[in-house]
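*Asks:* Chains as they are written, first to last, in numbering that gives the first Met the number 0: chain S, 0 to 147; chain D, 0 to 144.
The set of hints was computed from the structure by calculation and includes no laboratory data. Here the structure is a predicted model, which means the values were calculated and not measured. Ideal Cβ placement from N, Cα and C applies to all residues, glycine included. Misleading hints may appear alongside valid ones.
As the list claims (entries may be wrong) - Cβ pair distances, simulated, as ranges:
1) S:24 / D:38: 25 to 31 Å
2) S:84 / D:123: 32 to 38 Å
3) S:3 / D:43: 28 to 34 Å
4) S:124 / D:14: 39 to 45 Å
5) S:28 / D:24: 21 to 27 Å
6) S:28 / D:141: 43 to 49 Å
7) S:124 / D:47: 20 to 26 Å
8) D:139 / S:58: 21 to 27 Å
9) D:98 / S:133: 33 to 39 Å
10) S:12 / D:133: 18 to 24 Å
11) D:15 / S:62: 51 to 57 Å
12) S:98 / D:137: 49 to 55 Å
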Amino acid sequence: MKERILNAVENFFKLYVIVYGFTIMASVVFMYAFGYHNLSREFLLHAMLFSFIALIPVIVFLILPSEIIDGHLILMQIISLIFNELTLMPYGFHIGMWNSVKSGIVMAIIIFIINMITPLVAFGRDALLSSQINKKLDQFRDEEESDE
Amino acid sequence: MKVTIEKISIEKEEEIIARCHNPQANWVNSVKAIQSDGQCISGKYDDQIFNVNLKNIYYFECVDNHSFFYTKEKLFESKLKVYEFEEISKNAMFFKASKSTVVNIKKIKCLKPSYSGRFELTLLNDYKLMVSRLYVHELKQIMGL
């Protein structure tokens with residue numbers, strides 16, 4: 000149990016760094032596109048809180064003892080997306096991250112992309128682990144063949 | 000690595016002690032496998048009982064309270080439960096791939112991630128199995144990663 004929570008915290012912070020980085024980059028790109036050029040310390044702090052709220056559903060995903068697979072995984076993503084859109088859109092409006100329909104749509108797209116980051120990162124990590132195991136299996140088979 | 004072979008009298012039991020830096024190293028697994036060398040389990044195929052060497056088993060599975068194990072081409076029915084098979088095969092490079100499946104690591108062709116949140120495992124006979132992410136960590140440990 001303790002190990003699972005520690006793993007969940009570690010994975011959460013790794014994801015948090017990725018999402019925070021993405022939020023800053025995406026915001027800077029769109030700010031410049033819409034003619035704003037004020038990347039203040041206040042903005043960075045808000046982006047930090049924004050990223051944290053975006054990852055709240057992931058905490059549940061990381062702490063659950065059983066795996067979330069197939070349909071449940073899709074359902075989890077949908078619930079997470081709805082939660083994020085419902086909390087982050089008003090928050091983003093409150094702190095001035097969007098103030099028109101056009102910038103609101105951009106904001107909604109950024110939140111959608113943030114939601115897609117979690118499964119993509121998980122898939123990337125699985126792919127890396129698979130390739131390490133496959134390499135080891137090949138090495139193992141080569142050793143077996145040379146022994147024979 | 001230093002290898003010591005000691006001749007003992009016939010009354011004493013033969014034994015191997017492996018002193019290692021990494022208990023998951025390949026050579027340690029090979030030493031463990033010696034214990035299961037020649038170990039067989041019985042299974043029913045075509046109304047006949049056969050003894051099958053663990054080395055030839057691709058995977059063991061329990062479906063609706065019935066247990067089966069698969070070799071390259073044949074399916075045998077077994078009376079063993081998953082935990083009993085796990086106990087028998089613990090030194091023979093098998094790992095638990097799900098609650099009801101135990102797979103022979105030596106018969107794995109490749110492993111790849113699946114979009115369903117699990118891993119897809121392909122055996123040497125091209126049979127595919129789904130592996131839970133929780134159990135892949137066990138495989139990772141056995142492989143010494």
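*Asks:* If a hint holds in the structure, say so; if it doesn't, say that too.
*Replies:* For each hint, the structure was consulted:
no., hint, result
1, S:24 / D:38: 25 to 31 Å, "violated (57 Å)"
2, S:84 / D:123: 32 to 38 Å, "violated (47 Å)"
3, S:3 / D:43: 28 to 34 Å, "violated (40 Å)"
4, S:124 / D:14: 39 to 45 Å, "holds (42 Å)"
5, S:28 / D:24: 21 to 27 Å, "violated (49 Å)"
6, S:28 / D:141: 43 to 49 Å, "holds (45 Å)"
7, S:124 / D:47: 20 to 26 Å, "violated (47 Å)"
8, D:139 / S:58: 21 to 27 Å, "holds (24 Å)"
9, D:98 / S:133: 33 to 39 Å, "violated (24 Å)"
10, S:12 / D:133: 18 to 24 Å, "holds (21 Å)"
11, D:15 / S:62: 51 to 57 Å, "violated (43 Å)"
12, S:98 / D:137: 49 to 55 Å, "holds (52 Å)"
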